[in-house]
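Given the sequences, and given the hints that come with them, work out the whole structure.
There are 4 protein chains.
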Amino acid sequence: MLKKICAVVTARPSYSRIKTALRAIQNHSELELQLVVAGSALLGRYGNAVDFIEQDGFVIAEKVYMVLEGENPTSMAKTTGLGVMELANVFHKLQPDAVITIADRFETIATSIAASYQNIPLVHIQGGEVTGNIDEKVRHANTKLADLHLVASEEAKERVLKMGEEPNTVFNTGCPSIDLAHYIKENPELNFDPIKKYGGVGEEILWKDGYLVVMQHPVTTEYHSAKKDVLKTLEAINELQIPTFWFWPNVDAGSDGTSSGIRTFRELQKPKNIHFFKNMEPNDFLRLLVNSKCLIGNSSVGIRECSYLGVPTVNIGTRQNRRQRGSNVVDVAYDKEAIKEAILERISATNIKKEVIYGDGTSGNKIAEILAKTSLSFHKTIVY
Amino acid sequence: MLKKICAVVTARPSYSRIKTALRAIQNHSELELQLVVAGSALLGRYGNAVDFIEQDGFVIAEKVYMVLEGENPTSMAKTTGLGVMELANVFHKLQPDAVITIADRFETIATSIAASYQNIPLVHIQGGEVTGNIDEKVRHANTKLADLHLVASEEAKERVLKMGEEPNTVFNTGCPSIDLAHYIKENPELNFDPIKKYGGVGEEILWKDGYLVVMQHPVTTEYHSAKKDVLKTLEAINELQIPTFWFWPNVDAGSDGTSSGIRTFRELQKPKNIHFFKNMEPNDFLRLLVNSKCLIGNSSVGIRECSYLGVPTVNIGTRQNRRQRGSNVVDVAYDKEAIKEAILERISATNIKKEVIYGDGTSGNKIAEILAKTSLSFHKTIVY
Amino acid sequence: MLKKICAVVTARPSYSRIKTALRAIQNHSELELQLVVAGSALLGRYGNAVDFIEQDGFVIAEKVYMVLEGENPTSMAKTTGLGVMELANVFHKLQPDAVITIADRFETIATSIAASYQNIPLVHIQGGEVTGNIDEKVRHANTKLADLHLVASEEAKERVLKMGEEPNTVFNTGCPSIDLAHYIKENPELNFDPIKKYGGVGEEILWKDGYLVVMQHPVTTEYHSAKKDVLKTLEAINELQIPTFWFWPNVDAGSDGTSSGIRTFRELQKPKNIHFFKNMEPNDFLRLLVNSKCLIGNSSVGIRECSYLGVPTVNIGTRQNRRQRGSNVVDVAYDKEAIKEAILERISATNIKKEVIYGDGTSGNKIAEILAKTSLSFHKTIVY
Amino acid sequence: MLKKICAVVTARPSYSRIKTALRAIQNHSELELQLVVAGSALLGRYGNAVDFIEQDGFVIAEKVYMVLEGENPTSMAKTTGLGVMELANVFHKLQPDAVITIADRFETIATSIAASYQNIPLVHIQGGEVTGNIDEKVRHANTKLADLHLVASEEAKERVLKMGEEPNTVFNTGCPSIDLAHYIKENPELNFDPIKKYGGVGEEILWKDGYLVVMQHPVTTEYHSAKKDVLKTLEAINELQIPTFWFWPNVDAGSDGTSSGIRTFRELQKPKNIHFFKNMEPNDFLRLLVNSKCLIGNSSVGIRECSYLGVPTVNIGTRQNRRQRGSNVVDVAYDKEAIKEAILERISATNIKKEVIYGDGTSGNKIAEILAKTSLSFHKTIVY
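Protein sequence lines, in the order shown, are assigned to chains A, B, C and D. Okay, so the first sequence: first residue is 1 according to UniProt numbering, each after it adds one. Okay, so the second sequence: first residue is 1 according to UniProt numbering, each after it adds one. Okay, so the third sequence: first residue is 1 according to UniProt numbering, each after it adds one. Okay, so the fourth sequence: first residue is 1 according to UniProt numbering, each after it adds one.
Be aware that one or more of the hints could be misleading.
[Claimed, not checked] Facing chain C, according to a computed beta carbon distance under 7 Å, are these residues of chain D, among others: (1) Tyr117; (2) His140; (3) Ala141.
[To be verified] Covered, in the sense of this in silico footprint (three residues per stretch, anywhere, with C-beta under 8 Å from a C-beta of chain D), are these stretches of chain A: (4) 155 to 168; (5) 179 to 190.
Derived from the structure by calculation, the hints contain no laboratory data. All C-beta atoms, glycine included, are put in the ideal place defined by N, C-alpha and C.
Below is the structure:
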């Protein structure tokens, strides 16, 4: 009897963070993978992660449409409630031996509730980190609902233990996203033309002599300022006049603010040095990064993959607040001049090391092995 | 401008645990109470808490029907999901300055999500305790979603702090249920005839020379054994032949098991010494308890109110696992002989003290005062 | 390739109305049955139809929990909305070639919407009849959403055609419930002891020398008078002092009113001649009827099966308003004296014929054959 | 006591169809308007009807977010189910004396169910028409759930009566959209620059010497061909090289197909003569139409307003199937050459009359007056 492991992927970036673990589970002789794709991962306007997943050869056990339109805090809550209802059905039908919930996006708590309320052991990937908005609350609530904790760094492991989880349920596996980065570190050449392959909109920038990459998401609890915040970055990039690839934000309350900021700026300023993409295959994205001069924005990619790959990163604002950083990162506020300065400093920095903070490239296999060997239970009590 | 405090009551026992705080909020010159009654508190077959609430003179701002029939773990999860969707609407409309979620019933996390996702400061009442089933996970997840923690004992306060909450957001107010008990301690006479006033079913037992009270709820994660467990208690009580008032369980996954056990036993054994009630006004219930020989079962009332009132308590099974106990409590397993022995020991015990573990009778006022004086925020970060 | 026919059974009485058709579909060489059991058919307190279905050897493709507690018009609407959401998922997964919705219970429109909105041909069983409450609206709305109409009488066929449906999509198959009645007509002996086999509550009445059967459902649009209405019948029966088997009502807004009326009456009047059942296997129920003196209440069984079997029926109130009747039926208002009189008249009537209004006992096979031979489409336009 | 009339607007075009009736209800001395804005009417990417509604000075009683992302038939069904649940709450709270549901969009049945199941008299605007897809089913199902029918033409009135509705509940009021058109007929000058006022995307076409308007919606039951269909129109327009204003489609299953067709065509063909708009204030839109050479597509505006205004219309495909037409309309299939020919014929036609088929410009007042004077009931029975 194989152990049935049900993983729920609710967004494009979550897929990148779990992909090698999914592969390792699929290939493990004692495990059976039940893959559920849900939420914005199914939607065209958030990059159709589902297409990449199917192209990668995964069989999808269930698709769960649960995103309520509105992109405001109320619809975010209602999307989560709907997710609980739908995923309760799904788990009841699939009868998995364990369910995996990934990290800290708002809708991940739907997975946690639907599993734990049905007495299915819950595995939480990438708990124990620290940030600065609703993700912070969701991540730690996921930890308290989960029975097994597969975290991405030693610091995260310490934090989960302090929160009162049983030591024999907490493992530092590193982050599977680093497994992908590991392959790219070995094969770094930019073997495609980004604009030819992905289209996108905006100017046909001359990127071959070096370019920046920007990825800036709205910060939920600062909903009304999302537009103002992103304009600072847009102005900074526009004034620097360095060729830049810019990625649109995920679905989130406030993405309207950010997206609207970008649209407004494009129309009024018609920036000559920026080309916009909706999304990219994960490997292509990493290749784009490793060959870039600098990543700018507030994506966790700057903290994780870029630390491993040694890509200079300018991290803006509070979103990655207190996540463990490597030497590649410089933090700045939402301030045009500070952003410009930090970019210029980073692209000429010489002391950037490649570091092993979030894993050494073997996380996927470690996760599968722990799932196979650990006895899973849904009974737990705080240790103190 | 009054601070609008929205409290969500989802079940009869939760109302008892918050009633004096609701009154104190209502009467406080700086606060406005927005009372939401939801879930099983609206349903006749769980005791129509809503009727007591209205009789007590509270104005109900919104009623939220959210209980999905089925009484299994799947419907428990779906009820919670539906609760998130409905309460998101309610909070969006009421625009409270803070939302109160009470303790650890499964559906309380719906309140927590609907508030925190909409950036409304969340107040959690009675976090930091320890039990042994899904309540345990829900309680601590509520803590991680909440911004202000009003706990019921020093032990609970220590635990919430250890979990990483900011010290200036954690207050030991005691439990408002003790405020009710305080009044009864001063006025203990049994001033009504239980059977005349509440009807109920079963024999017209002769209770005036002493009686037992039983209240045994299903333990969610032991769903399939709920029936077997309650039969042990029924057999023990039946063999003792002491007049007994027995209260039906709340709505919970498994209540079917417990209720079915009771029904089966009644039909087959026709116990001569047991009278069954669905529910009772809180004050009447406390008067019944304070005049009883012993409380038997797994209700938290045995741990809290009975400790304050000095009522002997036989606590069965794991449901109150590791909650701080007074000298009134003896713990036993699901074992007929052990239950019988423990009851006989308790009703003749002489060393039972009245203790102040869960408050001194002023919790309601303390809670209102803290809500009025504390600056409420929805930004938080774990302290370590 | 077999044609996949998905039937949705949402309540115990609906199962009786479709059972022989389900069997015939299952056995048909060109059809595959996909049976979905939903709503109150899954719930213990409405008679656990699901158990009978499984005992009859049907494989259940999906179970859909969708009943929201409350038993008021709001929860009835919300149950229906939830049903649409859940059944949309179910049909999306099962990919049937046609979906069957049965008759006119409030939640049947959920089946109709979930199928027709997904461009799945919709088959409506038992349209074209006339009654007097929300069922009336639901039934005709189902007709307008449906692509194929399998009705139970010539009168019903005429009515569906008048409503503008294409003549080649309307067939009078009779009602499958008559197929069951046909078997009982041939084998009428009461081969079981009702109280021994089904338990129930109330007096151990002496029924062997003749008895009445009562089945009275709440009428939705007269929600507040459900309790008052049923009390008239209770008083009439109590005064007649003829041994009576009384069946509890279905889930419906107002069932609380009816049930509460019954409970109140039992407690206060302790009727000596009434025994109460929750439900009975369909064949046993028909045997009970065929051997009874008279059926009293407002069940459609009195109009249909009892017409075929020649069982005298006193039909109370508006619920069966304008349904085609046989000579077995007498109609009365909610009036104690009128009910008593009508019962006494019926049990001594000598002119009651067995009539073939709702089919001749071969409906199940007719339905399967039409489904196999008809080309199913989801395109339709009103004919005028 | 004013009669409380609750109208539910779920989409931008529905608002145009009801606006003057809303105003007349608001101004009527015996009526009180309760306006609910729901569904895509709240969403930016479908034109933010809510903003126009508020600019027009209406007070919105409730906003209901209910659109589930996905834009496929399954999410259309689930949106409807969610709408039932949410609107049930809304009506329960508002306690209207009647609810208005408008026309035949898929989600309008949610309004009908939520009202009729709660015994609130339901008023259906614009029943009795005939088209060719899911709208056809929804419209007639709305009729069967409704208690009062306010239809837009004599033909529609005849049809509703044939369907079995009581004659004293069916009134031909004309369509309120014609009231708006009436004002524009009197004041036809194009008093704004469309591109300056509304932006939009595409070429800055030279429209002052005459232009076409295109509005083509996906036809739900032909989901997969939506893209192919719209390409025919795009090619025809592109080849004609007449300046054209093109409006994006509404939210509907398939809008993705249509939108995707438009996007693809723009990228590949870069049409020089087309400018694209998302939406326009209703009066501005009518002004644009009355000054245009021809309307092309499948919008009901071509059948209704354009008949009244005498605007030549090329109606493509089955969407307006069998709706009563004036002399302004020519019908064509999805065929490039036929579309081109029809446009050329229409823009030189000389025999186009202004006709009064769908009202004479006083519908809003008629509707309000009928609502005030008619006794509203929720009891109905089919007449035959």
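How the hints compare with the structure:
1. Tyr117: Interface hint status for Tyr117 (chain D): holds (4 Å vs cutoff 7 Å).
2. His140: 4 Å, holds
3. Ala141: With a closest approach of 4 Å, the Ala141 (chain D) hint holds.
4. 155 to 168: violated (count 0)
5. 179 to 190: violated (count 0)
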